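4 protein chains.
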Amino acid sequence: MDEKDTNRLEAFSDGVFAVAITLLVLDIKFSPFKANGLPKDDALMWGEILRQGPTLFAFITSFFTIGIMWLNHHRIFKHIKRYDTTLLFLNILLLMIIVFIPVPTSLLAQYIIYPDYHTAAILYAITFLAMATCFNLIWRYASYNGRLLGKNVDMHVINRISRQYAFGPLLYLIGIAIALFNTPLSVVFSFLLAIFFAFSEISLRRNNLQTPIESDTVSK
Amino acid sequence: MDEKDTNRLEAFSDGVFAVAITLLVLDIKFSPFKANGLPKDDALMWGEILRQGPTLFAFITSFFTIGIMWLNHHRIFKHIKRYDTTLLFLNILLLMIIVFIPVPTSLLAQYIIYPDYHTAAILYAITFLAMATCFNLIWRYASYNGRLLGKNVDMHVINRISRQYAFGPLLYLIGIAIALFNTPLSVVFSFLLAIFFAFSEISLRRNNLQTPIESDTVSK
Amino acid sequence: MDEKDTNRLEAFSDGVFAVAITLLVLDIKFSPFKANGLPKDDALMWGEILRQGPTLFAFITSFFTIGIMWLNHHRIFKHIKRYDTTLLFLNILLLMIIVFIPVPTSLLAQYIIYPDYHTAAILYAITFLAMATCFNLIWRYASYNGRLLGKNVDMHVINRISRQYAFGPLLYLIGIAIALFNTPLSVVFSFLLAIFFAFSEISLRRNNLQTPIESDTVSK
Amino acid sequence: MDEKDTNRLEAFSDGVFAVAITLLVLDIKFSPFKANGLPKDDALMWGEILRQGPTLFAFITSFFTIGIMWLNHHRIFKHIKRYDTTLLFLNILLLMIIVFIPVPTSLLAQYIIYPDYHTAAILYAITFLAMATCFNLIWRYASYNGRLLGKNVDMHVINRISRQYAFGPLLYLIGIAIALFNTPLSVVFSFLLAIFFAFSEISLRRNNLQTPIESDTVSK
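Protein chains in written order, with full-length UniProt numbering: chain A, 1 to 220; chain B, 1 to 220; chain C, 1 to 220; chain D, 1 to 220.
Hints may contain errors.
Identical chains share a label here; the pair holds if one copy fits it or two copies do between them.
Restricting the straight-line Cα-Cα distance to at most 20 Å, the calculated cross-link-like pairs of lysine to aspartate or glutamate (EDC-like) are [stated by the list, open to error]:
hint	residue 1	residue 2
1	K34	D116
2	K78	D154
3	K81	D5
4	K29	E48
5	K78	D42
6	K151	D84
Since the hints were derived computationally from the structure, they do not count as laboratory data.
Note that the structure is a prediction, hence the values are computed from the model and not measured.
Let's have the full structure, built from the sequences with the hints guiding it.
Right, dumping it as structure tokens:
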């Protein structure tokens, strides 16, 4: 068993993920009273809640996006057992992009109904390209010749992750291209990407559970 | 002993709980000076503090609510020893609802004195129904055929948790019904629910401590 | 060795402490430009920094106060090895008071130069009385008949902590009395209390290191 | 193996680092709509994004600065295995300076284009001098006669860290001197310092990995 070395790296990352994931809830602000200080009746208040639609949408999107990124981080750091300064730097770079995600998400949520304005969608897509690239760098750096992985690692799983990560940046590059001419379509594309990664992760995990090495570590 | 697999899931959740539980303290803002820049005398200042009543009430309510939710999370993840992607997703969904709790709590605190306005109470009750449902989903998914539980788990305890969770969503559904016609009453009902769950947890725990398996893990 | 049971309780508490301790830095806000949008020259900017004096003072005070409270929490939970629901509730109550500390601290920092206005000092002193009481409740509850302590605990250390905690609330009660008639004096008194507790902790720790049981756990 | 004693100290520090590192993202606020409520077209929006330049620059700088500080903290606490109250106090003092870093960073980012205004650069340089001094105090206190280090520590590594830390404060003192007469130059100097420390850490780490004691702890 060669488990321990990245514990504090993961704890720090978890803290940053935890703060980043909650940021957009600060934007959901109902103004509970009318200008004259009287309370709003139910019809007015539901209108107020509906007006928070884009903010709520941004909060939910950003929460699930960062949540999925945490899953990915969790997933690759299950295999990374050691670290060096380069990995720490790449991880800080990744965390910076994660913390930045609420910014373009919030902007995009305001512009999702305007198909002719592309800046928000482009900024969003660039952020995700940067993030996918950074995940790739971390994984390639750590898994190159098994540099920072555990000793009795399941190469089957490692290779599958490498293959899946290989075309991530390419897909997000397509996302930028779509964002250049149609904002709502690029949002749909982003969702499809997220669902795809989530499901491939599920199937990966399912196979994963059947490999003897993994089930061993679980039962120990 | 099959302890380790959910450690990072719990650490990340703890971080999100920790941020969520502190959010409403940001709303408590005294304006320490009069419009002319002079300090407020003691009578004025106590008035200022009293005017923060709803905000303080929201902070305290939200703190204890999220605190109790942390207890519940802690309680069920004491038995959940493994995870898969579905559980991670359900957990992220739950955390999103937890982080959202301060929003309806803050709104409700402003409207608690207006029995004729129901929107705040309904939004609050819906949030809690969603949360109770989500806890149920996590527990049912993890405990189904002991899927993600430890190997030598105490089925007595598992079944008791399952039974207690079964009627949680139903009770919160009643909460929504009450919120539809009387805001203060629905707040009282929410409190009674929280106290009930807290006490049943206490009695559960007390019995728990007497089961030999549990006390074994404690003394190891 | 009976170590593990309170790990997640401590991790969650650490998260809440970490958020609470950073809250007041959000209040330090320089306005870097003049009303006409031009940059401020060095004289103006030093004036701007000096004007942040009370905010900076509040940040530093609150940071060290919550830091010392973390020390205390750390100190008593080194001996508490198990938990029950009552302890979890008391801990949540304590954390709520900790998170609230920045509020009266910030208010007091604005009023420290006005000896005739007592509200801020009283609110501050009440908060600290509540906190000291809460620490006492946790410690008495956990240490009563060694209820939640480890099995081979050093009773010498336990009794010394109990004795030290016994007169904490009394001292803070005196603090409230002082706050009723003189704000700056009550601030000085608070500082003396903090220094006293810090130093008695140091001397305790020093003796602590000499007890064989403690040094055993260190070397294992 | 004498590992465990500082775990909670590190977990709490990680939480504070995680909150501090995300603070400046709160300052990045696009105003997505024109004064008349209409959306901004792409040209206007890119202008809006460019206008966030100093804020983005502050966010990135502060993120990497605090990230590097976390690396340093991680690095020295890998060797510190025990603690006493003095170390805890020094650590709280260090964390306070870390949490403060976003404040001068944000101010400096606004003033980086004005070489004739020095206050921001001086405040920034003083903060970093304080931080370097604090890291030095922690390291000297802990490593003095191996006071709080592990038992079979590699003195080669310890001495190298001590040597590297020795001239840190001196360098930052030079930074203050530069800030007194040229703001942009002092920013360049700060960057060179950060890069220097990062690289010396890399070379240290590389040698580190070859020492048998270190690789032993990794493979265990």
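When Cα atoms must be at most 20 Å apart, do K81 and D5 count as within-copy, between-copy, both, or neither?
both (6 Å within a copy, 15 Å between copies)
Can you give me the call for K34 and D116, within, between, both or neither, at a CA distance of at most 20 Å?
between (34 Å within a copy, 16 Å between copies)
Between the shortest in-copy and the shortest cross-copy C-alpha distance, which are at most 20 Å for K29 and E48: within, between, both, or neither?
Answer is within: at 10 Å inside a copy they meet the 20 Å cutoff, but 22 Å across does not.
If the cutoff is 20 Å on CA atoms, where do K78 and D154 land: within, between, both or neither? Let me know, please.
So K78 and D154 pass the 20 Å test inside one copy only (12 Å; across, 29 Å).
Intra- versus inter-subunit Cα pairing at 20 Å for K151 with D84
within (16 Å within a copy, 24 Å between copies)
Could you figure out if K78 and D42 sit no more than 20 Å apart (CA to CA) within one copy, between two copies, both or neither?
neither (49 Å within a copy, 42 Å between copies)
Hint 5 from the earlier list is the only one contradicted by this structure; the remaining hints agree with it.
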